[in-house]
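Asker: Sequence:
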Amino acid sequence: MDTPVVAGSVAARLLTWYDRHHRDLPWRMPPKAIAAGQRPDPYHVWLSEIMLQQTTVEAVKPYFRAFLARWPNVKSLAAAETEDVMKAWAGLGYYSRARNLKKCADLLAAEHGGRFPDTEDGLRALPGVGSYTAAAIAAIAFNRPAAVVDGNVERVVSRLYAIETPLPAAKAEIRDIVARLLPVDRPGDFAQATMDLGATICTPRRPACLPCPLRDDCHASDDGDPERFPVKAAKAEKPFRRGAAFVAVRGDGAILLRKRIESGLLGGMTEVPTTAWTARTDGVATVEGAPFPADWRKTGSISHVFTHFALELTIFRADLANRPAPPGHWWADAADIHGEALPTVMKKAIEAAIPGATQKPRHPRGMN
DNA sequence: AAGTCGTGGTT
DNA sequence: TAACCAAGACT
Numbered sequence: 018m019d020t021p022v023v024a025g026s027v028a029a030r031l032l033t034w035y036d037r038h039h040r041d042l043p044w045r046m047p048p049k050a051i052a053a054g055q056r057p058d059p060y061h062v063w064l065s066e067i068m069l070q071q072t073t074v075e076a077v078k079p080y081f082r083a084f085l086a087r088w089p090n091v092k093s094l095a096a097a098e099t100e101d102v103m104k105a106w107a108g109l110g111y112y113s114r115a116r117n118l119k120k121c122a123d124l125l126a127a128e129h130g131g132r133f134p135d136t137e138d139g140l141r142a143l144p145g146v147g148s149y150t151a152a153a154i155a156a157i158a159f160n161r162p163a164a165v166v167d168g169n170v171e172r173v174v175s176r177l178y179a180i181e182t183p184l185p186a187a188k189a190e191i192r193d194i195v196a197r198l199l200p201v202d203r204p205g206d207f208a209q210a211t212m213d214l215g216a217t218i219c220t221p222r223r224p225a226c227l228p229c230p231l232r233d234d235c236h237a238s239d240d241g242d243p244e245r246f247p248v249k250a251a252k253a254e255k256p257f258r259r260g261a262a263f264v265a266v267r268g269d270g271a272i273l274l275r276k277r278i279e280s281g282l283l284g285g286m287t288e289v290p291t292t293a294w295t296a297r298t299d300g301v302a303t304v305e306g307a308p309f310p311a312d313w314r315k316t317g318s319i320s321h322v323f324t325h326f327a328l329e330l331t332i333f334r335a336d337l338a339n340r341p342a343p344p345g346h347w348w349a350d351a352a353d354i355h356g357e358a359l360p361t362v363m364k365k366a367i368e369a370a371i372p373g374a375t376q377k378p379r380h381p382r383g384m385n
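Add 17 to a position in the first sequence, counting from 1, and you land on the number used in the numbering used here.
Among the hints, a few may not be true.
Derived DSS-like pairs: lysine-lysine, alpha-carbon spacing no greater than 25 Å straight-line [unchecked claim]:
no., residue 1, residue 2
1, K49, K78
2, K276, K252
3, K104, K365
4, K120, K276
5, K252, K188
6, K252, K104
7, K78, K120
Calculated directly from the structure, the hints in this document are not laboratory data.
From just these sequences and the hints, can you work out the full model?
Answerer: What follows is the structure, encoded as structure tokens:
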């Protein structure tokens, strides 16, 4: 509605702060370069946004660098093997992101000449790109006036206006407010400025209101208890599950692995054989789920917490003479374990049976 | 539309 | 230490 940045507006104060205090990030084009007419590479923006979904900046940095070094553009990623992409993603979590990343690259290479749509709606239609990511790419890469609402923005805006409606119900209201505040001449910087403010000043706990550029605008700061916002709906209690995992070790140190089904938890990732993970607390930590009869011996247990349940796995180990891998399984050489698409919970299971077995190189695969 | 999907850091 | 949380998407 308002044309350029309205002098004295919330957006103006935020952008002035951003010009001075923005974070320097590997995928970011700084405001000075933007002002000079440069735009970031949409591939970089897209890749970083997918990686950053529910993931911290520090966790993403090495993966972003590794992916960019190995697959510098859409076409190279489209030419890659999905299995290699999964291996490179291992450890970052939410593995459907990696599968959708590859699907998206394939689609773009096949049907869009390797280029990204430059509108919010066009982007929203891509696999793995939801409302947030579509708006973020549209604003940051293509300078579109899109309302970018992530967890940071929800926190900043809910405090700014002391919104009492609990999340996620308040999301539509927050989106409307952001659309109203949005400066049409710098939508990308505005989005990144709001997120930087949320990450460095308007933090979930103990926000630094004193240096905040929006302190005089902020209703929650007025009330003296900004941490009360955003109001959130109560969460369900996290259930507990148990199971057993089986680490078979061949004479030469190789470990028996198999691939999980493509869908669901840890879909398409590699695992050691395990029993089903059930809510039962009795009778599951037995050798009955082993891939084959052997002298299985309990070597310990590991705990792991997923988003919606906690898991305890009893670990069994068997040392075997040479024997062929059962159907659907393979022997992975000890030296190659770190290159497998092993999620963290599986690395824990292997470590419990063979200390040091999964110690990985300093950089994610693809960096060296 | 509420549940499913990882992991590591912070408090 | 147990809980909370991070640039959410998909079904």
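Asker: If you draw a straight line from the CA of K104 to the CA of K365, is it 25 Å or shorter?
Answerer: holds, 17 Å
Asker: Compare the distance between the alpha carbons of K78 and K120 with 25 Å, and conclude whether the hinted pair is satisfied.
Answerer: Holds, because 22 Å separates the two Cα atoms, which is no more than 25 Å.
Asker: If you draw a straight line from the CA of K252 to the CA of K188, is it 25 Å or shorter?
Answerer: Holds, at about 17 Å.
Asker: Mind checking the alpha carbons of K120 and K276 for me, to see if they're no more than 25 Å apart?
Answerer: holds, 20 Å
Asker: Please work out if K276 and K252 have their alpha carbons no farther apart than 25 Å.
Answerer: violated, 32 Å
Asker: Taking 25 Å as the top limit, are the C-alpha atoms of K252 and K104 close enough?
Answerer: violated, 33 Å
Asker: Quickly compare the C-alpha distance for K49 and K78 to 25 Å and report which way the hint goes.
Answerer: holds, 22 Å
Consistency note: the structure conflicts with the earlier hints numbered 2 and 6.
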